[in-house]
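Chains A and B are the protein sequences, given in the same order. One gets the working numbering by counting positions in the first sequence from 1 and adding 10 to each. One gets the working numbering by counting positions in the second sequence from 1 and adding 813 to each.
I should point out that these hints are in silico values taken from the structure, not numbers from a laboratory. All values derive from a computational prediction rather than experimental measurement. We put the CB at the ideal spot given by N, CA and C, even for glycine. Some clues are possibly wrong.
[As the list claims (entries may be wrong)] Coverage of chain B stretches by chain A, computed from C-beta distances (three or more under 8 Å per stretch; other residues unrestricted): (1) 853–865; (2) 897–909; (3) 914–920.
[Stated by the list, open to error] Okay, derived cross-link-like pairs now, DSBU-like style, lysine-lysine, Cα gap no bigger than 35 Å in a straight line: (4) B:K1007 / A:K297; (5) B:K888 / B:K839; (6) B:K911 / B:K926; (7) B:K926 / B:K827; (8) B:K1007 / A:K12; (9) B:K839 / B:K1007; (10) B:K844 / A:K12.
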Amino acid sequence: MKWLVYIAFIAISLAAPLVFPAYTQQFSALWVLIILAMTWDMQGGQMGYNSLGNIFFFGFGMYVSAVVQVSIAHDIGEYTYAGGINVFQFTDGQYFTGLVLGVAAAGILCALLAFPLGWILFGLRGPYFAIGTLGVAIAAGEMVGTWEWVGAGQGISMPPFPGNPDTAKFVLYIMNMITGMVCFAVIAWLYSTRFGLALNAIRDDEQKAEGMGLQTLWIKRVCWAVAAFFVGICGAIYGNTVGFIEPLEVAFQTIYLGIFMVVAVLLGGKGTLWGPVVGAIVFHTLKEVTWTHFLGWQWVALGVLIVVIVVYFQEGIMGWLQRQRPEWFGIRVESREPEAEAAT
Amino acid sequence: MNVVNGHAVIEIDKVTKTFGGVVANKDISLKVQEGAITGMIGPNGSGKTTLFNSIVGFHPIDTGSIKFEGNEISKLRVQEIARLGLLRTFQQTRIYGKMNCVQNMLISIPHRKAGLLDIFADHRAEDRERAEHLLEFVGLYEKRWLMGGDLSFGQQKLLEFAMALMNEPSVLMLDEPTAGINPTLINGLIDRLKRANEEFGITLFVIEHNMRVIMNLAEHIYCLAHGELLAEGTPGQIQNDQRVIDAYLGAH
Ligand SMILES: Nc1ncnc2c1ncn2[C@@H]1O[C@H](COP(=O)(O)OP(=O)(O)OP(=O)(O)O)[C@@H](O)[C@H]1O
Ligand SMILES: [Mg+2]
C-alpha cells in the first residue's frame, strides 16, 4: 500500500510535464512549494520552532548560485555593471558546469550558514524566534539590494539555458522533482530515527529534553541545516527557472513564498509527513485559481483562507485524516490492542 | 545504616541561592550517600526544589560548591550534568505530551553514552524491549500507545519515573514522587522506588511531603526550613527532633 502510493506519486510526477507541457513551469513552482513546506514543517511542525525567515535560505541560495554561475565565465562585478546577458555570453560547458556547481554551492553554503545563525537565533523562543528569523530574511533582502557587486536592486540576469526554452523548463522541472523527492526521502528517514523523536521532544518540552541529556542545540541546528540545504538548492533552481533575479520580489520574497510555505503546512497538517506535500498541492491549486479568477482580490482570498484555517481547521487535512483513520498511519489505540481486549 | 562510612556521591557545600531579595537556599551543606535512599523534607517554600534545580544546573548558584562523584558540577550546563548520570524528575511532572508512552520512553535512552551522530541511529529492538518492560514495571503497559498528555496526572508521574529509569542514571532525584498519586497506589510506588534502588542500583534523593512515605523509604533525611538546613538524621531522629516538629510536623 505504502509503496503503491510512492510509485504512483513518482509516476504522476514524471508524467505531468510530458502530458501537460504547457504547465511545466507551474509544476516546477509546485515542487518549490512542496520542498519549502516540507522543510518548514520539519522545524515548525515537528520541532515547534515556527520560523518566518526560512525564505532567507531561498534567496541566499539563489544569489550563491548566480554568483557561481556567472563567475565561472566572467567577472561578476563587470557582468552586473554592464547589464549581464545583453553583453556577456556563456558556452554550453560554462553553463552546465556553472549550473551544477552553483546549485551544489547553494545547498552546502546554506547548510553551513545555518549553524552560526542557529547558534544566535535558537536562543529565542516562540514569537521571538519567528520575528528574529523574519528579521534576518528582511535584512538580507535590504542588504543585497544595496550591494552593487551583485547588481543591487537591479538584480542579476541568469546565464540563459543553451537551447530550446521548452527543454530548459523540462530540465529544471526534473531538477526540482529530484530535489523534492530526495528531500522527502531524507526527511522521512530522519523521522524514523531517534532524531525524529528528539524533534518532537523539543517541541513538547525543550527543558525536559535538556534535563534528560539531549543535545538540544545540536539537534536544532542540524534540523535547520537540513532545511537550509534543500531550501538553498531550491532557491538556486528557482533563480534559473525565472531567469532574472532581484532581492525583494524574487529572492528574499518574505510576503510571497515566505508566507505561502507556512499556509501550505497549516492547510495540509502540521507535524505530519505527508501534510506539507498535500497542503502544498491543494494550496498551489487554490492559489492559481484565485490568482486567475479573482485578480485584484487574490490577497483578500488568501487572507480569508488563512483565517479559516487558523480558526476552524487547525489540524489540517492530514491531521483530520489521522483522527478519522488512525490505523492508516500505524497509530495504535488502547482498545485495538489484542492483549488489552483479552484482558477485559 | 552506616552513613558515616558510606561514600558520598553528591556533596553540597555552603550553597546559597537568592532570587532578588528572596533567599531560597542559605549556606546549605549536605551529602547524598552512594547506593542509599536519602530524603529531603521541609514546609512549602523552604527551598527544596530550588536546591534540586541548583544541583542539576537549572540555574547558577550564588556561592558554594556542588560536587558529583568528586567533580565540581556547579558550572556545568543542564545537559552535561544529565549526561554524567545525574537526573531529576519535576515537581510539576514533565513528560512529552504529544508523543505516546513508548515514544516518551524511546527518546529517554541514556544520551550520555551517545556521540553526536548517534542521534541518527534507528531505535534498537533492545531499547523497545526495555521501554515496554519499564512501562510494565510502573504499571502503564496497557496505556503504552496513549499520548503522554492524555494520561491522568498520576499516570504521568509514573511515566516520568519510568522515563527516568530508562535513562539509567546513577543518581535519580525525585521531586515529590507520590504527590497526586492515589493513596492505594502509593505503597506500590514505594515498593518500586525501593526496587529501583536495590535492583537497578540507583541512588535516590527524594523530596517528599508525605511523612509516612519518606519515613518508610529513606535511610537518612534532611529537613529544610526557610531556606536553611534545620536538621538531619535517621527517620527516627527526625521524627523526634523538636525543631522539625515545631517547623514542620507541628504545623500540620
Ligand atoms: N525562579 C524563581 N524566581 C523567584 N523566586 C523563586 C524561584 N524559584 C523559587 N523561588 C522562591 O524560592 C523559595 C523556595 O521555593 P522552592 O520551590 O524551592 O520551595 P519548595 O521547598 O520546593 O516548596 P514546595 O514544597 O511548595 O514545593 C520560595 O519562596 C519561592 O517563591
Ligand atoms: Mg518544591
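Given coverage of the region 914–920 of chain B by chain A, tested with a Cβ cutoff of 8 Å and a minimum of 3 residues: holds (count 3)
Annotated coverage of the region 853–865 of chain B by chain A, confirmed only when three residues or more have a Cβ within 8 Å: Three-residue rule not met by the region 853–865 of chain B, so violated; n is 0.
Pairwise hint evaluation, K297 (chain A) against K1007 (chain B), where the allowed Cα distance is 35 Å at most: With a Cα-Cα distance of about 62 Å, the restraint between K1007 (chain B) and K297 (chain A) is violated, given a limit of 35 Å.
Hinted pair K926 (chain B) and K827 (chain B), Cα distance within 35 Å: Distance ~32 Å between K926 (chain B) and K827 (chain B) Cα, so the pair holds.
Proposed proximity, K839 (chain B) with K888 (chain B) (alpha carbon, max 35 Å): Between K888 (chain B) and K839 (chain B) the Cα gap is close to 19 Å, so the pair holds against 35 Å.
Distance restraint between K844 (chain B) and K12 (chain A), which requires alpha-carbon spacing of 35 Å or less: 57 Å, violated
Straight-line alpha-carbon gap K911 (chain B) to K926 (chain B), limit 35 Å: Given that 35 Å is the threshold and the Cα spacing comes to 26 Å, the pair holds.
Restraint status (C-alpha distance of K839 (chain B) to K1007 (chain B) at most 35 Å): 31 Å, holds
Pairwise hint evaluation, K12 (chain A) against K1007 (chain B), where the allowed Cα distance is 35 Å at most: Outside the cut-off at roughly 47 Å; violated.
Cβ contact check, 8 Å cutoff: the region 897–909 of chain B against chain A, three residues minimum: holds (count 6)
In the structure shown, a violation is registered for the earlier hints numbered 1, 4, 8, 10, in ascending order.
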